[in-house]
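Turn these sequences into a full structure, and let the hints guide you.
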Amino acid sequence: MELQAIYVQILALVLFSIGILTAISRRNMFFVLMGVELALNAVNLSFIGFSKTFAGDLSVAGQIVPLFTIAVAAAEACVGLAMVILIFRNQESVDTDNYSGMKG
Amino acid sequence: MLALVYFIILAVIAVGAALCVLLSKHPLYGALSLIVSMLSLAGIYGLLGSPFIGVVQVMVYAGAIMMLLTFVIMVLNSAKDGNTPRFDKVSLFVFPAVIALAGLLGFALVSVPFGFNAEAVRGSVAFTSSTLFNVEEGSRGYFILFEAIGVLLLSAMAAAILMAKRRIGYTASEKEEN
Amino acid sequence: MTNLPLWLIPLFPLIGTIALAAISLASSGSKKGPSEGLTGGLAVLFPALAFVAVVAFAANMPVEGIQQTLCNWMDIGSFRADIGFLFDPLSRIMLLFVTGIGTLIAIYSLGYMHGDRGFARFFAYINLFLFSMIVLVLSDSLLLTFLGWEGVGLCSYLLIGFWNADLNNCKAANKAFIVNRVGDIGFILGMLCLAMVSGDLLNYAGLNAFLKDAANVEVIKLLLPIFSLAGILFFVGCTGKSAQIPLLTWLPDAMAGPTPVSALIHAATMVTSGVYLMARLSNLFVLIPGVMTIVVFVGLLTAFWAAIAGLFQNDIKKVLAYSTISQLGYMFMAAGVAAFDASIFHVFTHAFFKAALFLGAGAVIHSLAGEQDMRRMGGLLKKTPVTACVMIFAFFAIIGFPGFAGFWSKDLILERLYTFGDVGPIYYGIALLTAIITAIYMGRLIILTFFGKFRGGEELEKHVHEAPASMLVPMVVLAVGAVFSGYMWADMLGMTCFRDMLAPVVGSAQEAFRAAEVHVNPMMLACLGTAAAVIGMVIAWIAYGGNKHIPAPRVAYPSDGVQATTWTLFFDYVHAIFILLVNVLAWIVDKCVNQLVMFVQWIIGAIAVLLGDFASGFQVRKVRLQLCLSLVGVVVLTALVFIYGGII
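Protein chains in written order, with the numbering used here: chain V, 1 to 104; chain B, 105 to 282; chain G, 283 to 930.
Hints listed in this document are in silico derivations from the structure and should not be mistaken for laboratory results. Positions of the beta carbon are idealized from the N, C-alpha and C atoms, including for glycine. A couple of the hints might just be wrong.
No farther apart than 20 Å at their CA atoms in a straight line, the calculated lysine to any residue pairs in the SDA-like style are these [what the hints assert, rightly or not]:
#	chain 1	residue 1	chain 2	residue 2
1	B	Lys269	V	Phe88
2	B	Lys269	V	Arg89
3	B	Lys269	V	Met83
4	B	Lys193	G	Leu909
5	B	Lys269	V	Val79
6	B	Lys129	V	Asp95
7	B	Lys193	V	Asp97
8	B	Lys269	V	Ile87
9	B	Lys193	V	Met83
10	G	Lys735	G	Tyr826
11	B	Lys129	V	Val79
12	B	Lys129	V	Asn98
13	B	Lys129	V	Phe88
14	B	Lys193	V	Asp95
15	G	Lys453	G	Leu436
16	G	Lys665	G	Glu793
17	B	Lys269	V	Gln91
18	G	Lys494	G	Ile508
19	B	Lys129	V	Val36
20	B	Lys269	V	Ile6
21	G	Lys735	G	Leu663
22	G	Lys665	G	Gly739
Using C-beta positions, here's what the derived DEER-type ranges look like [said to hold, decoys possible]:
#	chain 1	residue 1	chain 2	residue 2	range
23	G	Ala785	B	Glu240	56 to 64 Å
24	G	Val499	V	Ala61	22 to 30 Å
25	G	Leu471	B	Val255	57 to 65 Å
26	G	Asp872	B	Ile265	47 to 55 Å
27	B	Ile248	G	Asp448	52 to 60 Å
Now the structure itself:
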């Protein structure tokens, strides 16, 4: 029994599903953010797992791109948390359902 | 064989921590579980032969981003909000939908055979950083992307400060009133 | 000296513009305005520096001219345009008098605009105008010329509406701008025509090389329809800028601007850029004789028509405006018979005497505290002798009195008209008639303004004073120019340095077009021309001289006879008919097409509303539920693709 590439992908899929579940089913704003981060991490993992199935240049690219994903995630977290603070100040609530300004 | 054992251990920790995120009541617990999940993911990166990304994962994700999140959770004192239920009726729809998506993707993964390539480049710290910052003729030009990301981070920081400020020009108007 | 870069010339006025604009903006808050000494100094310094630079270049210019490319402007695959400058004999002449007269008029404006709140703004505009005009003249491609062309149009607009507190000025500015747009569309389409053939043709050097290359004879024959179209379109552009039929109505209204502006832009420089363009494209125009005939006819008609209209004006500046249009008509006549050098020569002399006339009129208006109606002037010869002398010298120049500048250039044009083939004498006859009328209305202007008794009333009479020195000096300089500039090309005296200078640019085109030169006795034509001037003067003296009773203005001045002073000899009516037609068309479009579109719009709107109501039944306020639904949608779509290998 050796470590197979498919195991990594399965793990990534599981983490991604849990992340999406957290992001959509939880109503607390922080859990939504954390779910998104988790899903992003799972994508990174998938990226690296796949990069190891290629040789040479492609494998290099697959390992460089997650670096940039992490950096963009940092920017996203930065702005996202600022927005949370802003909304929290206006609404005095972290419940996303309270933020809904759309009236159907 | 040993790699598989390590992988299983780390994967169990990661999934367990992720489930803790999903199920925990207080966001602070969720954030701490997320950090655990990310650290174990960093371990998996190292195991797969990309130690540099593992290091960056620990520093940026587990270190910086989650620290920021934890900090904000602690600053906003009513972050827990006991009135909000963990799961509600909508969640009943979400679970089957996500499970269906996961099943579909899993099916897609299984249906295509692929395996590790022995010639894959090991993303050691020295190699990755020299690729990233190679400014010579004929390089892949990642350093330009790196600069762009730097600008993006700077602008995100500026935007965050502008948004989180109490009110723009607040002190000025206060002075006028006095 | 020749190794100086050419972009220095336009750079100076640009710096001036920026500096003066900065001063103007910085002082916009204060009530008093910026210091006139500093502003005026800057305002005169930069045009003067440009003039010095031009003189330096002109003195050291090699025969073939200087061509320099500053940088690349645009490069889009098949088409490439550079910002390049071309300093050749033609642009040398134009630049010399543009910057020279520009400097003189800047000095004059120091006195004229004294005490005006918009002092700095005015000079910023003037400098911007000079910059645009220099770019227009100095550029080596049509594209850059067009940039300057638009720039001078903009400055013209800004300066006509300079006193923008008065709605009429704004209307006049709008009119000038909009009428010019019509011409500019011609220019753009003309450029497109040329660019359709090849992108290189937009460059003057490229165009001339293409047209002169013997290998291209067959190609050119094939392309003649396109070139004819381009020629007509360029000529439309020229009619807009140079106020020829049918786009002439804006120039009389443009007199709403300050008088130095009228002198600089609407008499000496900007309006002659159409003539300049004709000369620049001379190699193109000589290929298309049909268009050239149109040019001659338009020139003749404009000159005659404007001269007649000038007879009936009472506003001193409007008379001059019509005379400008009329003189421009002469220039186009000359261009139309391929006498490009003669037309540029007339541009040159005209710049001097018309600027002198306008500045003189400005001095008269200044001394009469804003009075512009000639019926309320008279007898100013004794009160403002210097102004009167300047105006009278310029008057002799414009009517073509022997020895003065206008005589040489106008005589030359008449001669070229006469020697042009079979129809030449007919052209000549009309032009000569126009010359008589010119003498009549200019004589009327001089007589009503400077002779006889003062008719403006006692109160105004006490106020009359000679203009300050800063206004008189440029006037005198221009008057000297009006007398002597003609000797640059006094054909009869054997002085032809002007023609020799221009020969490298337009010579070959002229020779190609005017193959059979008929030899006539130049003395006879000169005598006829002189006779025309004298006859005109005599008629003017009989009609208006002495102390004849001049009908007083019917109403008090500002609201005086709208009919009389804005009378543009039916052209406004012609335009009104066009506008009416367009309005009718617009009405039809509004009623039919628009209603149809509205109907379609309504149907689509109704469908959208129905669908929307239908869909809003599904809409839930829970964002999360919607996300969930979209997830399900993704799953279903992906599953479909998996199962069927595609949606269908």
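For the pair supplied as a hint, Lys193 (chain B) and Met83 (chain V), confirm whether the alpha-carbon distance does not exceed 20 Å. At roughly 27 Å apart (the allowed maximum being 20 Å), Met83 (chain V) and Lys193 (chain B) break the hint.
Has the given pair, Lys494 (chain G) with Ile508 (chain G), been kept, meaning a C-alpha gap of at most 20 Å? 17 Å, holds
Between the alpha carbons of Lys735 (chain G) and Tyr826 (chain G), is the straight-line distance 20 Å or under? 12 Å, holds
Against the 20 Å threshold, does the CA-CA distance of Lys735 (chain G) and Leu663 (chain G) hold or violate the hint? It holds: about 10 Å lies between the C-alpha atoms, which stays within 20 Å.
Are Lys129 (chain B) and Val36 (chain V) close enough, with their CA atoms no more than 20 Å apart? With a Cα-Cα distance of about 18 Å, the restraint between Lys129 (chain B) and Val36 (chain V) holds, given a limit of 20 Å.
Pair hint outcome, Lys269 (chain B) versus Gln91 (chain V) [Cα-Cα no greater than 20 Å]: Answer holds: Lys269 (chain B) to Gln91 (chain V) is near 16 Å, not above 20 Å.
Against the range 56 to 64 Å, how does the distance between the Cβ atoms of Ala785 (chain G) and Glu240 (chain B) compare: consistent or not? The hint (56 to 64 Å, Cβ to Cβ) holds, given that Ala785 (chain G) and Glu240 (chain B) are roughly 59 Å apart.
Compare the distance between the alpha carbons of Lys129 (chain B) and Phe88 (chain V) with 20 Å, and conclude whether the hinted pair is satisfied. 19 Å, holds
Hint consistency between Lys269 (chain B) and Phe88 (chain V) [alpha-carbon to alpha-carbon, up to 20 Å]: Roughly 13 Å separates the two Cα atoms, so the pair holds.
Can the suggested window of 57 to 65 Å be confirmed for the beta-carbon pair Leu471 (chain G) and Val255 (chain B)? 44 Å, violated
Assess, step by step, whether the Cα of Lys129 (chain B) is no farther than 20 Å from the Cα of Val79 (chain V), and give holds or violated. 25 Å, violated
Straight-line Cα separation of Lys665 (chain G) and Glu793 (chain G) no greater than 20 Å? Not OK: Lys665 (chain G) and Glu793 (chain G) at ~52 Å, beyond 20 Å, violated.
The earlier numbered hints that this structure contradicts are 9, 11, 16, 20, 24 and 25.
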